[in-house]
Amino acid sequence: MRSFFDWFRDEHAGAGDPWLILGKGPSFAKRAQYELSAFKIVSLNHVVREMPVTLAHIIDLDVLDACADVIEKNAGALVMPWLPHVNNAAGPDTLEELARKNPVLRRLDEQGRLLWYNLYNVEERARKGSPVISVAWFSAEAVLKLLAQAGASKVRSLGLDGGAAYSNEFDDLREKTLLANGHQNFDRQFEEIAKIISRTGIDYAPLDVESPVRVYVGTTEDQMLSVKVLEYSIRKHASMTVEVFPLHRAPIAAPTPKDPKNAPRTPFSFQRFLIPALAGCRGRAIYLDSDMQLFMDIRRLWTLPFDGADLLAARKPGDGERRPQFSVMLLDCEALRWDIEEIVGMLDGGELTYERLMYEMSVARNVRADIHPAWNSLESYEPERTALVHYTDMPTQPWVSRANPLCHLWVRDLLEALDAGFVTLAYVKEHVSRGWVRPSLLYQIKHRVEDSLTLPRKAVAMDAGFVAPYEKMSGVAAEAQGARRFMPLVKTKRLLGSIFSHVMQKVETRDSE
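Sequential numbering from 143 applies to the sequence shown in my numbering.
In short, the hints are calculated from the structure, not lab data. There may be inaccurate statements among the hints.
Below, in silico cross-link-like pairs of lysine-lysine (DSS-like), each with a Cα-Cα straight-line distance of 25 Å or less [stated by the list, open to error]:
#  : residue 1 : residue 2
1  : K378      : K400
2  : K571      : K600
3  : K182      : K172
4  : K600      : K378
5  : K296      : K270
6  : K172      : K215
7  : K215      : K270
8  : K378      : K337
9  : K296      : K378
10 : K378      : K571
11 : K600      : K588
12 : K318      : K172
13 : K296      : K172
Kindly produce the complete structure, drawing on both the sequences and the hints.
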């Protein structure tokens, strides 16, 4: 009996074919809209009964029994765990033992079409010589892990939709198998999919969603450590492939307006207007500022409907007028087609003012503040509710100040990024040596201290004489000097807020146990 990995190596390694995973979710019904012949197809569970596939994946023996009459006809090969499941748990028999009893399995094995892999290592019963593929929630995770470990580079899917519904083709199974493992919905699988993408780099996305997610970040070189942590936080939660592009590295330069009153207030103010051109005036794009951190799947933002708008912006909490906040935007690049030369020309010609451009985004025809405030939470974080924290208070941004009560959240992702090799210690040291981030970060990294408000005196002393890059920018230096005069009061307030936040989080954790 062949292992899945031997089969893949012998028949599919090096081919470069994209793979398509088909599940029973509602988007399975869209399969006729796509040319599927370009894909090698893997079916999950009962999907094999609906169409021919390259590979059928089945974990539970009851599914094998339900599809026994079509598997040999529709599946090029069948892959199952070495210990197939009975009633959602590893059964007593190995796949090899079952193949002696079950005529379908026996014939598939004789033809070299029955494949095995290790799903968990139950009581050390895993078969030697092959990796263990663990599953936290649903079988789609196992298939994506198998493909990634075998060497597949591109995977798409239909029918892996989250929620709690099947496509109509599987109406007969709703009362029999829908969420039979006791979970409330299929959403939790996206957490594991995000981990698989992050760890393996596999290119994965739903076939019916534009991919990859394209994120453009307004920034400068001295902000790149915060951009790297932002990017890590995006990828950490993203259940589909993401590309992140720092806009200061764009090959397009923004001209300077003739009138100083129209000049950009920051080096990155006009960068967002480069995005449609950088995207080839096609598809979607997300704009974010560099001083942000994500806590939810960016796919939720990426897939928001435009409904006739060409730009979606965030709105403030409780804002009945839905006034847009342009630090988080979803752009329809084909509809916008911005040309930075034309925009600056309109400023120079008096057709446009800086205020209308930056605060009204008047170069877009239809702007709506349809992005939930959770995607632009200003200096505030609520577990399970906040999607994105925006560190708008420059004097207390975690990479330049120890006084932010949410600093532990940012440093936590920095430490994770270092552990994952996404950021190197040498990179952080370089930014410290250039005066771009506070030196005490190095102490926190070495001693793995998340909360900067608890640092000892010797760590605090490392920041003596540190001047943050924003303080050197024209237009904000005076503001920064004033902010420093009030820093003792700010630190006291932040410290009390941090203590309260930590206590509340511990209470919430205890109550949830």
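Mind listing which of the numbered hints don't hold for this structure, in increasing order? Hints 1, 4, 5, 7 are the ones this structure does not satisfy, whereas the remaining hints hold.
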